[in-house]
Structures are given as C-alpha cells and as structure tokens.
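Asks: So the sequences go chain by chain: V and S. If you're matching positions, the first sequence starts at 1 in this note's numbering and goes up one per residue. If you're matching positions, the second sequence starts at 343 in this note's numbering and goes up one per residue.
Worth flagging that the hints you see were computed from the coordinates, not collected in a lab. Bear in mind that the values here come from a model prediction, so they are computed numbers and not experimental data. A couple of the hints might just be wrong.
[Said to hold, decoys possible] Below 27 Å or equal to it, Euclidean Cα-Cα: the simulated BS3-like pairs (lysine-lysine) are:
no., chain 1, residue 1, chain 2, residue 2
1, V, K131, S, K573
2, V, K43, V, K156
3, S, K433, V, K55
4, S, K571, V, K51
5, V, K79, V, K114
6, V, K131, V, K114
7, V, K43, V, K55
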Amino acid sequence: MQRGYAGVDETLALPTPPYACTRRGRRFRLFFWCTHATIVAMKGAATLWMKRHGKWVIILPPLLYLLVFFLIPFGFALKISLADTAVHVPPFTDIVSMSPDWHVQLTLNPGNFKYLFTDEVYGLSYLYSIKTAFFSTLICLALGYPMAYAIARSSKTAQNILLLVIILPFWTSFLLRVYALEGIIRETGLLNSALLWLGVIHHPLQIMRTTFAVYLGIIYSYLPFMVLPLFATLEKLDHSLLEAAADLGSAPWRAFVDVTLPLSMPGIIAGSMLVFIPAIGEFVIPTLLGGPDNLMIGRVLWDEFFGNRDWPVASAVAIAFLVLLVGPIALYQHYSTKQLEA
Amino acid sequence: MPDRASPLLMTILCLGIGILYVPILVLIAYSFNASSLVSVWGGFSTHWYVQLVHNDQILDAAWLSLQIGVVVSTVAVILGTLAAISLVRFKLFRGRLLLTGMVNAPLVMPEIITGITQLLLFVSMLHLFGWPHRGFVTIVIAHVAFCTAYVTITVQSRLQSADRSLEEAAMDLGSGPVRAFIDTTLPGIAPALASSWLLSFTLSLDDLVISSFVSGPGASTLPMVIFSKVKLGVSPDVNALASLIICLVGACVLVAGYVMRRSERRRVIDAQMAQH
Chain V
1 MQRGYAGVDE
11 TLALPTPPYA
21 CTRRGRRFRL
31 FFWCTHATIV
41 AMKGAATLWM
51 KRHGKWVIIL
61 PPLLYLLVFF
71 LIPFGFALKI
81 SLADTAVHVP
91 PFTDIVSMSP
101 DWHVQLTLNP
111 GNFKYLFTDE
121 VYGLSYLYSI
131 KTAFFSTLIC
141 LALGYPMAYA
151 IARSSKTAQN
161 ILLLVIILPF
171 WTSFLLRVYA
181 LEGIIRETGL
191 LNSALLWLGV
201 IHHPLQIMRT
211 TFAVYLGIIY
221 SYLPFMVLPL
231 FATLEKLDHS
241 LLEAAADLGS
251 APWRAFVDVT
261 LPLSMPGIIA
271 GSMLVFIPAI
281 GEFVIPTLLG
291 GPDNLMIGRV
301 LWDEFFGNRD
311 WPVASAVAIA
321 FLVLLVGPIA
331 LYQHYSTKQL
341 EA
Chain S
343 MPDRASPLLM
353 TILCLGIGIL
363 YVPILVLIAY
373 SFNASSLVSV
383 WGGFSTHWYV
393 QLVHNDQILD
403 AAWLSLQIGV
413 VVSTVAVILG
423 TLAAISLVRF
433 KLFRGRLLLT
443 GMVNAPLVMP
453 EIITGITQLL
463 LFVSMLHLFG
473 WPHRGFVTIV
483 IAHVAFCTAY
493 VTITVQSRLQ
503 SADRSLEEAA
513 MDLGSGPVRA
523 FIDTTLPGIA
533 PALASSWLLS
543 FTLSLDDLVI
553 SSFVSGPGAS
563 TLPMVIFSKV
573 KLGVSPDVNA
583 LASLIICLVG
593 ACVLVAGYVM
603 RRSERRRVID
613 AQMAQH
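I would like the entire structure built from these sequences, with the hints used as guidance.
Replies: Shown next, in the form of structure tokens:
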C-alpha cells in the first residue's frame with residue numbers, strides 16, 4: 001500500500017471545487033490548501049514521533065512515580081542517617097551547607113552507625129527478629145504443608161471451596177484479625193474462661209504479652225501465605241511418580257521423602273519467603289500481643305522515631321536493616337528466579 | 343488425583359482452618375454481647391452497633407479511609423497497568439531493569455522501612471518546595487507506590503498469557519495500536535484489573551504502618567484510630583466495628599469472586615464455541 005505523507009494515509013490532494021472559478025475562490029483554495037498541508041504535516045510528525053517514542057508515554061508515568069516516591073526516599077534516608085540530631089523542625093541537621101565564601105560544605109556524621117554497634121539493643125533486636133521470623137516460618141511450614149497436601153488431594157469442588165476458605169482471611173483486615181486473636185488469648189478471654197470452666201486450670205494462663213503470643217500471632221496472620229504456594233506446587237505433582245515409587249517397593253513415607261518433598265521444594269521456598277519476609281519487619285503483632293522483652297526491629301524503629309524522635313538514628317537503623325536483611329533476600333530471590341528460568 | 347486423604351491430614355487441615363476462623367467468629371459473637379465486660383455474656387444486644395453510628399471519630403476516620411482507598415486503587419490500577427504493559431510488551435528499553443526492580447521491591451520491603459523513607463522524603467520536599475503537607479495527599483502518594491507494585495504483578499501475569507492474535511488482526515484491519523489494544527486485549531485483562539483494584543483497595547484500607555508515618559495531624563485513617571483504641575485496652579465498639587468490616591469485606595470478596603468466575607467461565611465457553 002502506498003503510504004501518504006509522513007506515514008499517514010492522507011494525501012495532499014488539492015481540495016477540489018466549488019472554490020476554483022473566481023479569483024477569491026482561488027485565493028481561498030490556496031489558504032485552504034496551506035492549512036490542510038500544515039495539519040497533515042503536524043499529524044504526520046506526531047504519528048512518527050509516537051511511533052518512535054510513543055512507548056515512553058506508557059513507560060514513563062509508572063517509572064517516574066516509583067522512582068520519585070519509592071526509590072529516591074532511600075537516598076533521603078541515607079542522607080539523614082548521616083546527619084546530626086537537632087531540636088528544630090525537621091529534627092535533623094542539613095549535611096550539605098553553604099559557607100559564607102560560597103563553598104559547599106558536606107558535613108557527614110557516621111556517629112549514628114557507630115551508635116548502632118555501641119548500644120546493644122539494636123544488635124539484639126536484629127537477632128531476635130531473625131530468630132522469631134525463622135521459627136514462626138518453620139511452624140507455619142509444619143502446619144501449612146499437611147493442609148496444602150490435604151487440599152491438593154481432595155476433589156475439584158472441595159478444592160475450590162477450601163481454597164476460598166483459606167484466602168478469605170487474607171482479604172479481611174490484618175489489624176482486626178490480630179485484635180480478634182487477642183480476644184481469645186486475653187487473661188479474661190475465651191480460652192482461659194473455657195479452661196477455667198472445665199476445671200483444667202485454676203488460675204488464668206498468662207498468654208498475652210509473652211513470646212508464645214507473638215508466635216501465635218505471626219502463624220495466625222501468615223498461614224494462608226504458606227498454604228497457597230504449597231498447594232500450587234503440590235497440585236501439579238505427577239501422581240504416577242508416587243505409584244512408580246510404590247511399585248518399586250518404597251514405603252509411603254520413603255516415597256514422600258524421595259519424590260514429593262523434592263518436587264514441592266519451589267513451593268516450600270516461595271511460601272517460606274512469603275512468611276519470613278513480612279514476619280521479620282513485623283510491628284503490629286509484637287506491639288499488641290508481645291511483652292516488653294519481645295523487641296523486634298520494627299518496634300525499635302517505631303519507638304526511635306515516635307518516642308525518642310531521633311530521626312537520624314532511626315534512619316541509620318533502617319538503612320542497616322535494609323543492607324543486612326532485605327539486600328540478601330532480594331539477591332537470593334533474583335538468583336533463584338534466574339535458576340528457574342535457566 | 344482425588345483419593346481419600348488420611349484422617350491425620352484432615353485433622354490438621356481442620357485445625358488450621360480452625361486457627362484461621364475461630365478468633366473471627368468469637369469476635370463477631372462478642373460484638374452482640376450486651377455486657378461491656380468481655381468475659382461475661384450479658385445477653386444479645388445491638389447496643390455497640392448503635393453506639394458505633396454515633397461515634398464521630400470512627401465515622402470520620404472510616405470516611406477518610408474510604409476516600410483514600412478509592413483514589414489510591416484507581417490511580418494504582420492505571421499506573422500498574424501501564425507498568426505491566428511496559429514490562430510485557432516493550433522488551434528492550436532503558437530503565438527496564440530499574441522498573442522491574444522497583445515493581446518487585448515493595449513486596450519484600452518491610453512496611454516500616456518504606457514508611458520511614460517516604461516520611462523523610464515528604465519532610466524534605468516540604469522543606470524545599472513547601473509541598474506536600476502531611477495528610478490526605480501524602481497518604482495517597484505513599485499508598486499508590488506500594489499498590490502499584492501489586493497491580494503490576496497481577497496484571498503482568500494476565501497480560502503474558504493474553505492472546506495477541508486478535509490485537510494483531512485489529513491492527514491489520516487498520517486500527518491504531520492503542521485502539522487495537524483497547525478493543526481486543528483490554529476486555530481480556532479486565533478481570534485482572536478488577537481484582538487488582540479490589541486488592542489495592544483492601545491493602546490501602548488496611549494499612550497501618552505506612553499511614554502512621556506519612557500522615558500528619560488531623561488525618562487519622564481507620565486503622566490508626568483502631569490501633570490507638572486497641573492499644574489502650576478492650577473497647578466493645580471496636581468489636582462491633584471489626585465484625586462489620588470483616589463481614590462487609592468478606593461479602594464483597596465472595597460476590598466479586600463469584601462474578602469474576604462466572605465471566606471467566608463464559609469466556610472459556612465462548613472460546614470453545616468459536617473453535618467449533
């Protein structure tokens with residue numbers, strides 16, 4: 001097909017009569033032609049520009065948005081972590097300042113990072129966060145694996161219903177579910193009342209404000225995250241492999257260890273990540289359910305920020321947290337997806 | 343492979359589902375408790391629901407959260423869809439790796455860190471440009487950032503499996519690329535757009551940590567009000583509020599899921615009819 005001017009399917013054919021006969025008509029025709037030509041040329045240029053650069057109209061809005069409001073904030077956090085605490089608003093000094101003779105001065109204060117090492121609260125809460133997240137992930141796995149396995153083995157209709165039942169709590173408010181759990185394990189809550197009524201115990205159990213409550217909260221909140229990816233891999237499992245193992249004389253548990261477990265590894269890793277990552281930075285659960293000694297890093301950050309109003313130290317804690325924990329996790333995920341693609 | 347699962351497996355499944363649901367059911371039951379003492383059953387009453395309607399603090403916060411949720415999820419669906427199109431359709435462009443990273447990072451980033459860094463950004467921006475003041479605007483900006491990531495992931499997977507032949511056919515018949523996309527592919531990914539809108543809405547409605555950091559005086563979202571009430575101790579009207587929200591969200595998700603599954607099934611049937 002013959003393409004018109006500048007890639008547009010419109011030709012510059014002269015508009016034909018009724019303007020042709022008189023002199024005024026001819027002049028009008030010329031004017032009309034010029035306008036027409038300009039419009040066609042501009043349209044053509046726009047189309048050409050859109051063809052070459054049009055994709056940036058789509059790419060740039062999300063790219064710029066996330067750049068400005070997600071990535072660049074980390075730069076500000078790094079900057080403020082190197083500043084000093086000040087009494088004015090905002091409560092930190094500027095690290096870049098202009099001296100009277102127009103020299104730009106950079107005043108960096110690494111003291112905040114040194115402080116993280118001298119005060120052992122930070123190191124301990126890092127370790128405590130990792131420990132709590134690790135063990136709650138393990139318990140979630142121990143509870144979630146049989147659940148996912150049972151769902152994968154039920155009929156198609158039952159599967160759909162069970163999946164819905166597992167997903168539904170994920171849509172309802174996280175905060176309210178933690179609050180609901182508090183209603184059960186409180187000193188005057190349902191569990192203690194029931195146990196007292198049954199005569200199993202004579203004094204109410206102290207569950208709230210203990211480590212046990214924190215674990216319970218994390219498991220209760222993040223169990224669906226563990227079950228769903230596990231189900232996704234277990235459902236795809238080829239059942240004939242298990243039959244083959246049985247035919248070759250494997251005991252059921254042996255077949256499970258040799259066949260099912262290795263094949264469901266991607267689901268185990270995905271589910272563990274989905275529980276471990278949010279659990280490690282958890283703030284709501286240790287604050288509402290935990291006691292004063294359940295110092296997880298999220299709580300320390302919050303207190304540093306709102307309680308002590310020490311923004312530079314809080315920024316330093318956040319940056320260190322990022323480098324020590326989020327960095328390795330992101331790298332691990334990056335390489336594991338590359339391995340899967342390969 | 344439907345065969346009978348062992349009784350042990352079934353017991354653990356029931357135990358797990360019990361852990362997930364018992365607290366919620368107990369909460370709903372207690373919200374109808376006439377007594378303000380939590381452990382004592384004082385008879386059936388809707389007293390706390392009536393009190394809730396007259397609690398201006400909670401109503402204002404709920405209204406603010408709803409407004410934020412609607413704005414956030416709409417903007418996030420637009421931005422996220424654009425990002426998904428960029429990642430699926432344009433294989434090579436400068437900044438692709440950056441965009442991929444920024445789309446995946448919010449999913450592994452602890453909320454508390456995102457919240458702190460965004461607060462520091464807003465404070466510095468206010469210092470430099472005199473905008474934005476902390477409140478509605480800053481909460482919306484911060485929520486859009488992490489919701490966009492979730493929308494992108496959802497739409498991206500749907501877009502990858504979408505059939506491009508219809509779109510190419512439309513382009514052969516003379517549609518421009520944008521027109522062709524809107525006429526053919528957009529209806530196909532509409533369920534993904536709807537579910538990611540819902541997801542953004544609930545994420546925004548539920549967010550406590552990021553909102554607490556970036557909001558200013560006078561702008562308290564519903565989770566912030568609930569959190570401060572819960573921290574002080576038990577208040578029976580929170581029971582009523584929680585039951586209301588949980589039932590409302592549950593019903594919405596069930597209806598939305600039902601509608602989406604029906605439209606999906608119809609689409610599959612249509613596709614089968616077209617093949618014969």
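Asks: Evaluate each hint against the coordinates.
Replies: Now for the hints, and whether the structure bears them out:
Only pairs whose Cα atoms come within 27 Å are accepted, and K131(V) paired with K573(S) is accepted, the gap being roughly 25 Å. Of the supplied pair hints, the one linking K43(V) and K156(V) is violated, its CA atoms being roughly 56 Å apart against a limit of 27 Å. Only pairs whose Cα atoms come within 27 Å are accepted, and K433(S) paired with K55(V) is accepted, the gap being roughly 11 Å. With a C-alpha separation of about 56 Å, the suggested pair K571(S) and K51(V) falls outside the 27 Å cut-off, and the hint is violated.
Proposed proximity of K79(V) and K114(V) is supported: the alpha carbons are some 16 Å apart, at most 27 Å. Between the alpha carbons of K131(V) and K114(V) the distance comes to roughly 24 Å, so the proposed pair stays at or under 27 Å and holds. At roughly 18 Å between alpha-carbon atoms, K43(V) and K55(V) fall within 27 Å of each other, so this suggested pair holds.
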